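In the working numbering, the protein residues as written are 1 to 385.
Careful: at least some of the hints might be erroneous.
Pairwise CB distance ranges (calculated) [said to hold, decoys possible]:
1) Q159 with Q264: 38 to 46 Å
2) E158 with E341: 52 to 60 Å
3) P216 with G348: 41 to 49 Å
4) A286 with A49: 42 to 50 Å
5) G160 with G256: 15 to 23 Å
6) H356 with T15: 53 to 61 Å
7) P81 with G231: 45 to 53 Å
8) P328 with H222: 38 to 46 Å
9) H356 with A60: 28 to 36 Å
10) E31 with P111: 34 to 42 Å
11) A322 with G138: 18 to 26 Å
12) G313 with E84: 42 to 50 Å
13) D366 with G46: 23 to 31 Å
14) D383 with Q159: 33 to 41 Å
Below, computed lysine to aspartate or glutamate pairings styled on DMTMM-like, alpha-carbon distance capped at 25 Å [claimed, not checked]:
15) K217 with E332
16) K193 with E158
17) K193 with E295
18) K217 with E183
19) K217 with E280
20) K217 with D190
21) K217 with E279
22) K217 with D76
23) K217 with D75
24) K217 with E361
25) K217 with E31
26) K217 with D38
27) K193 with D76
28) K193 with D75
29) K193 with D62
30) K193 with E31
31) K193 with E219
Treat the hints as calculated values from the structure; they're not laboratory data.
Computed from a prediction, not measured in an experiment: that's the story for all the values here.
The beta-carbon is built from N, C-alpha and C at its ideal position, and this holds for glycine as well.
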Amino acid sequence: MSGGAAATGLLSPATGRVLTQDTPHSLTDGETRWPLVDGIAFLRLGREALAASAIERLDAGDREGALVVLLADQDDWWRGPTAEPEALRRLVREADTLTLRDAMALLSWGPVATYFAHRWSDPTFLAGLALVRAHWAGPATAFELACGIGHHLRALGEQGVRASGGDVVFAKLWVARQWVAPEAELVCFDAGKPWPIAAGSIDLVCCHDAFYFLEPKREILHRLRALRAPGGVLAVSHIHNRDWPNMSAGSAMQAGDVAALFPQATVYDDAELTRALAEERAPVGAPVASLGGVEAFSLAEGPGVGPAQAVTGGIALPAGGAALRRNPLYGEDGTVRWPSERYETEYGPRATYPQHSDAPERGVMDSATRTRALRREMLHLPDRW
């Protein structure tokens, strides 16, 4: 895969043959053409008619029309509204000036937009960072399945990692390209169907806060493991526990399921990882059988997985000199204002930031702001958040 204006090294999900770029806006296996827009290949099986519609528009020079078609597509779990075509046209036309939050409003993402907008301080995001940092082996390359709008890809890229990601929703990848992780390599495909990525040698393979959605799990896990380099690491965070009253839809797992699928993994209570990051210590794993009552599981496996390291610096914190701003969850009086009752219920109990803050509106990452950044009282957000 390659970011920017081209995509190479991909396979046709329909035939398994290598795809080549036949025009600036399309890939082909010699029989079928697939759209390539802003460096993102749309390779979603079951959406062939949608792909053909986008290709027709691209061939006619109508990039805007093609994007409107692709940006309206959603995953099979989606129960929200479909974005209005005129809203999508505005999104495409004004992408250079809109904020991330403007873009998600035009996409009609509702509660998902709230989740993405505030993910930089969510306990589940911190758990994923902690898992990767605890088992960091200096990866040069990384791939994240179900990468969403690229929160983790951005963090990896800032560590000098060549980061790539795949998701079933084209709009999420396009938002990642425009607002969050512009340098990441991105491809749209369905994890439950043949993959367009050849088995290879990726140092760090991840799936954060998404594995519980994916089916068939055993086959998807086999493909994730096949991407991992010899000596590499597979990190899977925040797998919802079916025996906990989770608020999100999905195909959650029980402790026994985790033990069966990941018999050699180092397994954690997801909340333990969040605490380890806040306390800058090594997380403590646990036998899977003892985790039957946790909210979510996280794990790391592979030849590169040694004893957990202390979660300090690196991907766990913004780099020195990074621009910071006060967590937008704080109101003008410095008190947390939850975006919804559901958000407070889901994330409030494990939040690492205090209920009240006197942090400055802006700052940079240095010794004076380090503690606030560690607690996510201050955040390194995208420029056009």
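| field | Pair hint K193 and D76, alpha-carbon separation not exceeding 25 Å | value | It holds: about 13 Å lies between the C-alpha atoms, which stays within 25 Å.
| request: For the range 42 to 50 Å, tell me whether the beta carbons of G313 and E84 fit it or not. | output: Once the Cβ atoms are compared, 45 Å apart, the range 42 to 50 Å for E84 and G313 holds.
| said: I want to verify a distance hint. Is the separation of the beta carbons of E31 and P111 within 34 to 42 Å? | reply: With Cβ atoms ~40 Å apart, the hint holds.
| field | P81 versus G231 beta-carbon gap, inside 45 to 53 Å or not | value | holds (46 Å)
| field | Straight-line alpha-carbon gap K217 to E279, limit 25 Å | value | violated (33 Å)
| task | For the pair we were handed, K193 and E158, check the Cα-Cα distance against 25 Å. | result | violated (31 Å)
| message | Run the distance test for K217 versus D190: straight-line Cα separation, threshold 25 Å. | response | With Cα atoms ~13 Å apart, K217 and D190 stay inside 25 Å; holds.
| query | Keeping to a limit of 25 Å between CA atoms, is the pair of K193 and E31 held or broken? | reply | holds (19 Å)
| query | Can the restraint linking K217 and E280 be considered satisfied, given a maximum Cα separation of 25 Å? | reply | violated (32 Å)
| said: Tell me if the beta carbons of E158 and E341 are separated by a distance inside 52 to 60 Å. | reply: Given about 33 Å between the Cβ atoms, the range is violated.
| message | Next pair to validate is K217 with E361; report whether the Cα-Cα distance is within 25 Å. | response | violated (43 Å)
| query | Are D366 and G46 spaced within 23 to 31 Å by their CB atoms? | reply | For G46 against D366, whose Cβ atoms are near 50 Å apart, the range 23 to 31 Å is violated.
When each numbered hint is compared with the structure, violations occur for hints 1, 2, 3, 5, 9, 13, 14, 15, 16, 17, 18, 19, 21, 24, 25, 26 and 29.
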